[in-house]
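Participant: These protein sequence lines map, in sequence, to chains A and B.
The numbering of the first sequence is the working numbering, which starts it at 19 and goes up by one.
The numbering of the second sequence is the working numbering, which starts it at 7 and goes up by one.
If you are wondering where the hints come from, they were derived from the structure by calculation, not from laboratory data.
Keep in mind the model is a prediction, meaning the values are calculated, not measured.
From the three backbone atoms N, C-alpha and C, an ideal C-beta is built for every residue, glycine too.
A portion of the hints provided could be inaccurate.
Sample of chain B residues with no beta-carbon within 10 Å of chain A, all distances over it, derived [what the hints assert, rightly or not]:
no.	residue
1	LYS74
2	SER86
3	MET89
4	GLY101
Quick list of simulated restraints, FRET-style, between CB atoms [unchecked claim]:
no.	chain 1	residue 1	chain 2	residue 2	range
5	A	ASN89	B	GLY22	21 to 29 Å
6	A	LEU85	B	ALA7	22 to 30 Å
7	A	SER45	B	ILE66	17 to 25 Å
8	B	GLN51	A	ASN48	20 to 28 Å
9	B	LEU52	A	LEU57	37 to 45 Å
10	B	SER90	A	PRO88	36 to 44 Å
11	A	PHE87	B	HIS16	38 to 46 Å
12	A	LEU85	B	LEU13	34 to 42 Å
13	B	GLU21	A	LEU29	34 to 42 Å
14	B	TYR45	A	ASP102	23 to 31 Å
15	B	GLY22	A	THR32	45 to 53 Å
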Amino acid sequence: ETGVTQSPTHLIKTRGQQVTLRCSSQSGHNTVSWYQQALGQGPQFIFQYYREEENGRGNFPPRFSGLQFPNYSSELNVNALELDDSALYLCASSNSASSYNEQVFGPGTRLTVL
Amino acid sequence: AQSVTQLGSHVSVSEGALVLLRCNYSSSVPPYLFWYVQYPNQGLQLLLKYTSAATLVKGINGFEAEFKKSETSFHLTKPSAHMSDAAEYFCAAEGGFQKLVFGTGTRLLVSP
Numbered sequence: 019e020t021g022v023t024q025s026p027t028h029l030i031k032t033r034g035q036q037v038t039l040r041c042s043s044q045s046g047h048n049t050v051s052w053y054q055q056a057l058g059q060g061p062q063f064i065f066q067y068y069r070e071e072e073n074g075r076g077n078f079p080p081r082f083s084g085l086q087f088p089n090y091s092s093e094l095n096v097n098a099l100e101l102d103d104s105a106l107y108l109c110a111s112s113n114s115a116s117s118y119n120e121q122v123f124g125p126g127t128r129l130t131v132l
Numbered sequence: 007a008q009s010v011t012q013l014g015s016h017v018s019v020s021e022g023a024l025v026l027l028r029c030n031y032s033s034s035v036p037p038y039l040f041w042y043v044q045y046p047n048q049g050l051q052l053l054l055k056y057t058s059a060a061t062l063v064k065g066i067n068g069f070e071a072e073f074k075k076s077e078t079s080f081h082l083t084k085p086s087a088h089m090s091d092a093a094e095y096f097c098a099a100e101g102g103f104q105k106l107v108f109g110t111g112t113r114l115l116v117s118p
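Turn these sequences into a full structure, and let the hints guide you.
Facilitator: Following this line, the structure appears as structure tokens:
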């Protein structure tokens, strides 16, 4: 089975710019979650998408938005980038039918905001 | 709200020694619990999960964890450390709506 893939691997942006990160979910999974992992911290939940709708959101401002497509792939968009947005962004896919939410993580996208 | 605490940001062991990484959760209702490992510049890999089926959970690479409700703990152990175990380890709990709540991580250092 194909795992979770993310693109790009690394990205450098300047403050105020916009960025789009992409994620392809594992085969058979219909739910995608996004996490932000700042340096030296644990991942923080941004939001989750199920059937192309946002299905839960963490404590992140509206300039963090996302999409899920009919093939269950997903995008994370961040507008008006701030220096504190520099982090590893992790995408995880899961099967909503699973009762214990085993999420499979991708390798992440390292975003640097200058 | 669910929270996860990992005691010790760094743990150092010698190769062949016992590994013990500590994790406590906050919920009065035992949630699903997970341990993930993260190697440098990589994503998270699931080591094991607790789903209320058994209190002692065996995972990959010789790791296991014991769920103790009375202590609200889910500590990770491995009888004999290997150099390849050096990595960052994260404990996580399900926090509702299928989101995971992570601890701050413990970096395991293994010396020869």
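Participant: Against the structure shown, which of the earlier numbered hints fail to hold, in ascending order?
Facilitator: Checked against the structure, the hints that fail are numbers 4, 5, 9, while the rest are satisfied.
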